[in-house]
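These protein sequences, in sequence, are chains V and U.
Under this note's numbering, the first residue of the first sequence carries the number 1, and numbering increases by one thereafter.
Under this note's numbering, the first residue of the second sequence carries the number 1, and numbering increases by one thereafter.
Fair warning: there could be bad hints in the mix.
Label pairs and their in silico Cβ distance ranges [to be verified]:
no., chain 1, residue 1, chain 2, residue 2, range
1, U, Asp242, V, Gly161, 48 to 58 Å
2, U, Glu719, V, Glu90, 38 to 48 Å
3, V, Glu90, U, Asp242, 43 to 53 Å
These are calculated hints, taken from the structure and not from any lab test.
Note that this is a predicted model, so its numbers are computed, not measured.
Ideal placement from N, C-alpha and C gives every residue a C-beta, glycine not left out.
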Amino acid sequence: MPEREVQPQASLTIRLQVNGEEREGAVEGRTTLADFLRDQLGLTGTHLGCEHGVCGACTVLLDSQPARSCLVLAASADGSRVETVEGLAENGQLSRLQQAMWDSHSFQCGFCTPGFLIQAAALLAENPSPTEAEVRHALSGNLCRCTGYESIVRGVMAAAGGPEPAGAEPR
Amino acid sequence: MKARVPAERYTGASVRRVEDERLLTGRGSFVADAQLPGMLHAAFCRSPLPHARILAVNTEAARLAPGVVAVFDGAQMAQMASPVADPGDSPRSGGPVSFGILAVDKARLVGDPVALVVAQSRALAEDACELIQVEYQELAPVVTVEQALDPSLPVIFEELGGNRLFGPETKVFGDVDGAFARADRVVRASIRQHRHQNVPMEGRAILANFDAGSGQLLVRAATQGVNTTRQTLAEQLRMPLDRVRVVAEDVGGSFGLKFGASREEVACCAASRELGRPVRWIEDRWENLTVSGQAREESFEVEAAVTSAGRILALKVEMVIDSGAYPGFAPLVVDIVREMIPGPYRLEALSFTGSGVVTNKASYVAYRGPWAAETFVRERMIDLVAQELGISAPEVRLRNLAVRDEPPLRMVTGPSLAGITARESLLRAVEILDLTGFREEQLRLREEGRYLGIGFATYIEPAPGPRQEGGEENTEQVRVELDQDGSLLVHTAQMPHGQGHRTTLAQVAADEFGVRLEQVQVMVGDTQRTPTGFGTGGSRFAAMAGGAALHGARRLRGKVLEAAAQILDLAPAELDISGGELVGPGVPGGRLPLAELIGRIDLAARSGQLPPGTDADLTATADFDGGESGWSGGTHCCVVEVDAATGLVRILRYLVVEDCGDMINPAVVDGQIRGGVAQGVGAVLLERSAYDPEGQYLSATLMDYLLPTALDVPHIEIEHLSPVRLDPDVNFRGVGEGGMIAAPPTICNAIADALSPFGPRVLEQHLPPTRILELIGALPD
Ligand code: FES
Ligand code: FES
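This is chain V alone, in the form it adopts within the complex (with noise of 0.2 Å):
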């Protein structure tokens, strides 16, 4: 069957900074900002989880704020700075955060490691001593079905340098 090939319709031009890089693309009215990064800039450690805004797994900074990719049109993010998981190491060094979790085994699967990441990155911009329960509260928003939240917890709080969570067990 002949194959009619598609242009975007109503194709609009974005410019955004991205990881601290300028990016342009050119999206349809309907592109989410995850499928932009994912698809047209090849940031696939952004992930998506539910694409109805639950799961957390694609949450991304926007201008400095956690946001949850699936539910921004890419459209409206341009003029934006976005931060994504692939950001957060500097010069191939993980950052005090991501090397907290990896000493903690925070994660198993993965697959929602890029959301709990930036959304703890962003709760210790703000707070950079959390309690254990401010940590829990801030993450209830990032779904993990592998792990059961606890070596995550417990990474964010190593991270953070504060006390051991309550249920840290010495190794």
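With chain V fixed as given, assemble chain U with the ligands onto it according to the hints.
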């Protein structure tokens, strides 16, 4: 050859996972991350009705829609791929049924795929799905077991002649009538589990790429085992096995869901072959919740023959499983539940009747600890017995648990209970929780209108279970190979999807062979080099794959030392491999890096300098059945507070005392346990795959199907018991499923205990606030 004990062992240490650096930096590689030139995207047009005849499918408009490359309806797909057929002649068969990869004449559940659209983007494919016109003739939906057994309702599969899929079949172990005759009383209960489901954060996914030139189908899959996926695809697509290659990289969780290849995945491969282009399908969350599969909907009629002293002599059990629309896994579940229901207890006799039905709901799939109903029913029943006899529930357990040095140390259904530590786990849990102190506190708080409860559940989990005398050979294969640079490649059919096998298998192999952890690469997920084995599942990893890696590394080490001894003219006993180097007093300079040694062995072999009979092929394969390792198990204990005004349950304390043998990586073990318990918390307090009376699915988004969050899952205390070591070498045991097996009865027992002043008998597993208010009489039942 003797096992070596290096000074510092990786095995037993919570070493950091080798998987994590990639995953933490956003460089994981899931199927949805893969792009190929010319790649097309799939979307399915799905039935909005639970039960309907398909009279006509008109795909005309969809074909002409922008960006659409092809549309396939059920009839076309039937030309491209074989129907899923079960001849109904195997003992585990669900009866003689056959159904299309896409629905042909009939839709059997909401979401049944009716047509496949392949287009330039997912969005365009979905747009075109909207344009497909399907003419349905509605049939009365069969939503419950009662409806399935109602002959006045339409049958879902004509060839079954009814909606009963199998059974009822009764098997009797021991002298059931004698035990019931000796009993002081019979305790009866109807206990049920509700439908809930896996919900991995990554749904199903596939990228199929048929190369017309070579006739090869290359598949990127999200799977628990590439061999199984390849087998299914080759059969359904009627292709020779060697024309199908399945590769898997990162997999975002599964919990039993991603085995073989689903109908949608087969359809995408068929489309790729037809079009000669790559076709990718990424299941969305609606599809995942609605059609990927569901589990656990089982009901039980139980009678227990008990003595006044609290001995449970025998059980009569009738189990009915709701298999959902398309038969598959349910008959096997019934088999395992029957075998496992005695658990670690000294039951003298059992009569077990199992049967299954089909309904217009999502198909039954494996979900973490698929046979878990045996523990739920038994542990709930024990508490009901305790309540009737006025004996404490842990005490009833103690009076019935098998004692390790007292024969017969065997379940009445057959399997040996050698090495179990169930008793010890219960005693330890009672001690840690200070049961006496808790009871005082509980009474005191009740005076204040606060309702606390404590619950226990004791279980064993085949991990992989004892050797079955005369049973089929069931092994896991590992191939160990030295690469030219001195690194050790460990090939396994296990397919990690969160379990950290790339780390844990490397720990075992590194210790046994004598290399540093960084020198080991665990190779998974490519049918071109993956050894035989069905994949990750059934708690096969630790004992079976771990043991095979240990024996494989040991064998290869023997070979290398032998060859090195020839080259250096020394005795193998004078040599050792340690830290990735050949060491020994006679080795020139005291040490020789492995890479150099391999070069020399290779050269010597090629120039004929090795004596005949020396094996210079630096590869070793080992098959291992898990040895004597047998059972994992333990006791979970939970303390809850129930708010009688709102019905909300708060978990105040959760304790796991368990034994999974020698741990390879304790942090990985604890992660498996906590993750499993979290799913149990969800099952009892939040999760339910709900259908309305018309068969419409009500839990199709994550706002309706509630997963537990960081606020719902408590801190989980874990104590590991020291195991009984029955195998000379391998005493690791699987640990993936126990958390999810034991948590639901533990939490339900705790809630039932908290509600005891209100007097309800808790006979179900799903206890959200509304149900609790019904149970205490605050809401009408
Ligand atoms: S994918 Fe955006 S919240 Fe789930
Ligand atoms: S680690 Fe698998 S979903 Fe969180």
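The hints, checked one at a time:
1. The hinted window of 48 to 58 Å between Asp242/U and Gly161/V holds, with their beta carbons roughly 56 Å apart.
2. Hint check: Glu719/U to Glu90/V, Cβ distance near 40 Å, so the stated range 38 to 48 Å holds.
3. Between Glu90/V and Asp242/U the Cβ separation comes to about 47 Å, which falls inside the hinted range of 43 to 53 Å.
Comparing the model with each earlier hint shows no violations; every hint is respected.
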